[in-house]
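Listed below are the residues making up each chain.
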Amino acid sequence: EAGVTQSPTHLIKTRGQQVTLRCSPISGHTSVYWYQQALGLGLQFLLWYDEGEERNRGNFPPRFSGRQFPNYSSELNVNALELEDSALYLCASMGRGFLEAFFGQGTRLTVV
Amino acid sequence: AQSVSQHNHHVILSEAASLELGCNYSYGGTVNLFWYVQYPGQHLQLLLKYFSGDPLVKGIKGFEAEFIKSKFSFNLRKPSVQWSDTAEYFCAVQSSGYSSASKIIFGSGTRLSIRP
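Which chain is which? The protein sequence lines are G and U, in order. For the first sequence, this note's numbering begins at 2 and goes up steadily by one. For the second sequence, this note's numbering begins at 3 and goes up steadily by one.
Honestly, the hints are just simulated from the structure, not real lab data. Predicted model, so just to flag it, every value in this text is computed and none were measured. Check the hints yourself; a few may be wrong.
[What the hints assert, rightly or not] In silico contact screen, one side only, chain G against chain U (beta carbon under 10 Å); selected entries: (1) Pro71; (2) Met95; (3) Gly96; (4) Glu101.
[Stated by the list, open to error] Which bits of chain U does chain G cover? Going by a derived footprint, with three or more residues having C-beta under 8 Å, they are: (5) 36 to 47; (6) 104 to 118.
Beta carbons are placed, not taken as given, at the ideal position from N, Cα and C, and that holds for glycine.
Please construct the entire structure, taking both the sequences and the accompanying hints into account.
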């Protein structure tokens, strides 16, 4: 069984640009969580999608947005990139039983 | 809103020493609690979880954690650490049951370094 997959693995963007990160959950999982892992700050909760709907979002500006598709895959969009957006972006999926979140390997975003 | 505090940012131990990593959470309702580990260059993976029942839970690789409801704590323990336990450890909390509050909130992590 394939795990959570994220693409791309690495990305370099310049300030002001826009970026889209992608996440494919484990087959059968309906929930997708997005986190930002910046150095020394742990995992900051960004967004939670379930059954195609945004269920909750963290304390991030509106330029962070996303969506979940009918096949439960998800995209995270970041507009007007800033230097401090440089971080590892992690996606996790969870099944309907909410027993365990499985993480992808992350997308390393560098903003220059 | 939920929050999680991990008080130790970096812990350095010698092999065979005992380990205890602190985790306190803030949330008014019933919770699910987790410890995740991130080995260098690897995905985050689940060490153990508490949903209900026996407050002492055992996980993989000899780790255990105790849920103390009165103290809002879920400390991670291991009686004898190995060099291979070098990793970053994250405590997490989730509101029990399904609601818009069922996001998973992580602490800032504790980096564990084991001296061989």
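Structure-based check of all given hints:
1. Pro71: With a minimum Cβ separation of about 20 Å from chain U (threshold 10 Å), the hint on Pro71 (chain G) is violated.
2. Met95: holds, 8 Å
3. Gly96: violated, 12 Å
4. Glu101: Status holds, d = 5 Å.
5. 36 to 47: holds (count 5)
6. 104 to 118: Three-residue rule met by the region 104 to 118 of chain U, so holds; n is 8.
Violation of the numbered hints given earlier is confined to hints 1, 3; the remaining hints are satisfied by the structure.
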